[in-house]
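Protein sequence lines correspond, in order, to chains X and D.
Take 1 as the starting number for the first sequence in the UniProt record's numbering and just add one per residue.
Take 1 as the starting number for the second sequence in the UniProt record's numbering and just add one per residue.
Just to be clear, a hint being listed does not mean it is correct.
Which copy is meant is left open, so a pair is good if it fits within one copy or across any two.
[To be verified] Dumping the calculated BS3-like pairs for lysine-lysine here, alpha-carbon to alpha-carbon at most 25 Å:
#: 1; residue 1: 246; residue 2: 115
#: 2; residue 1: 162; residue 2: 246
#: 3; residue 1: 246; residue 2: 174
#: 4; residue 1: 201; residue 2: 162
#: 5; residue 1: 268; residue 2: 231
#: 6; residue 1: 162; residue 2: 174
#: 7; residue 1: 162; residue 2: 202
In case anyone wonders, no lab produced these hints; they're calculated from the structure.
From a predicted model like this one, the values you see are computed outputs, not experimental measurements.
Number of protein chains: 2
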Amino acid sequence: MFVLGIDGGGTKTIGVLCDHHGRVYSRAVVGPTNPNSLGYDRVETEIQKLLDSIREQTPDCFAKVTSFFAGMSGGDREEDKRRMSGLFQQYLPKGCQVQVDHDAVNALYSGTLGKPGVVHISGTGSITFGIRAQNIRTRVGGWGFLLGDPGSGYSIGHRAVKAIFDEFDGIGEKTILTSFILNHFHLGHVPGLIPIIYDMKKAREILASLSRFVFLAAEQGDHVAKQILYKAGQEMAMSIRALILKLHQDEPNHETIPVVLAGGIFHKADWFVPVIEEILQFDHLQTKLILPELPPVAGSVIAALQQAGVNITDSFIHSFKQEAS
Amino acid sequence: MFVLGIDGGGTKTIGVLCDHHGRVYSRAVVGPTNPNSLGYDRVETEIQKLLDSIREQTPDCFAKVTSFFAGMSGGDREEDKRRMSGLFQQYLPKGCQVQVDHDAVNALYSGTLGKPGVVHISGTGSITFGIRAQNIRTRVGGWGFLLGDPGSGYSIGHRAVKAIFDEFDGIGEKTILTSFILNHFHLGHVPGLIPIIYDMKKAREILASLSRFVFLAAEQGDHVAKQILYKAGQEMAMSIRALILKLHQDEPNHETIPVVLAGGIFHKADWFVPVIEEILQFDHLQTKLILPELPPVAGSVIAALQQAGVNITDSFIHSFKQEAS
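Next up, chain X with everything else stripped away, as it sits in the complex:
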């Protein structure tokens, strides 16, 4: 049997056609598909491109796809889910089961292999999301960069720029972030950063992209950079803590909760995992941190397989990892 999983994001959208052994038959990548920021017309164009590509690569398998799951960035409201479902259905084989959900769901499943649990995603932005039995769900954060996006790339880059201006103003400690970031923009002095930061259409992405200099500076022992990463870890933990307390408020003696840490920021997970563990242990929250071995789109494939009644096995992970790498 064949299933199709999609991970739709704010920067790109990935689709994978797979069988129940985790063998990948075709794969395609197109542009962003968040209807909130792009509108449905542009989203439809990208989705058509994606499904056309997968169909053309493996027409026979595509015709036999019986289960489909798309985790879509911005796919939060029931109305959006229905509308997106209708859109996908137009391009899928007749009779194929279609499910559209928030992209936090497949990020979670990429770590829990389809089981309930909690996911904290830190990329450019951040969100904490959880599902417990009976599909009860809740979220914390994810309100965008102006409200902080705790532990996100934006929040790390933003703190870096603040630290640079604090040093310049004589309020803050000395930091090598200043030379790293001024050099990066070929600038001679700190106020030169102002027009770059206030290019409002790009502010979010630019500040988030500066997070890499914070890792670099921290690796070289810079105290300010290390503090920024420590603070990010604290924020992640506080969001996870708040989510668990909210999700399990009527169930204080819950089983150990898997907590998936997903998103680009966790390529440098070593800076955060010990801080998160320490804070969660302090509150006696029974959790198990998971750094997923599989990409978020694997979570979509898993959701599609579950929808078709297939149990996920270790051999699935093994073969998906091999084919997708």
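Given the coordinates of chain X, assemble chain D onto it according to the supplied hints.
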């Protein structure tokens, strides 16, 4: 003798024609005149309108103006000062002495009556600025809302919205700010605030305008609101402290420094003055806080009078206050 003082801001520009006794002969208000955000063409139109109005109200006095001072928002760089001076000169009587400076200078003088000192301005944004003997100057902050603008209306409003989302997420304390601000926008639920906050052209002004609900909630005893105002006072104090340490770094035993608190946020100064005093006293900084009795444009008139060699007396303050009210 007659002088002309101008206070040029990001939202409006005020001009006052005055004599050395502080008697006001004419007064005009036009739109914003910050060349950084508007461009010189629009600034020239407003300036012409302002000076035309003052001339038409009192043509005889206008013809006898011998000294002119304009404190201009964004008038920071020497190049801008020169260009603005040239612009004013075109519309002023021949031979009139013209000086253009940062608008923090006249805000300072509105409290020190032309003496050196420190000013912290908190309106929509914030900046801390100081002048010591020999016209040595420095600044701290004022880097705009994305970098925090410590103690500003923006920072207060921003914290209010964060507190509302934290309460909603189950991370933060309960606060009446939620009902105040949801009612204000006729909203039924917290996420409804998102499109309002992310209207990027207005985000800064909208968040700053919400500061009034923080005062309202604090007056009704709301703990979250009181904490936000306390934090703003702390930030103001830390900026003032940093500025003094920077400005007088080679002069630890300086005389008592006047610290002027200017800008709209200080209409509710009682929330901040005790916090600022406590923090500055803790550091044994010899300062004297001043809440100016005169508006910022009076500082411009004072600067114009000083330029003409006139000493400012108490009777000046008395009569300016009477005429301007």
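Here's how the hints hold up against the structure:
1. 246 to 115: within (19 Å within a copy, 57 Å between copies)
2. 162 to 246: Result: close only across copies, 18 Å inter versus 32 Å intra.
3. 246 to 174: between (40 Å within a copy, 15 Å between copies)
4. 201 to 162: Cα proximity of residue 201 and residue 162: in one copy and across copies (19 Å, 22 Å).
5. 268 to 231: within (15 Å within a copy, 33 Å between copies)
6. 162 to 174: So residue 162 and residue 174 pass the 25 Å test inside one copy only (12 Å; across, 29 Å).
7. 162 to 202: Intra 17 Å, inter 22 Å, cutoff 25 Å: intra and inter.
Checked against the numbered hints above, the structure breaks none of them.
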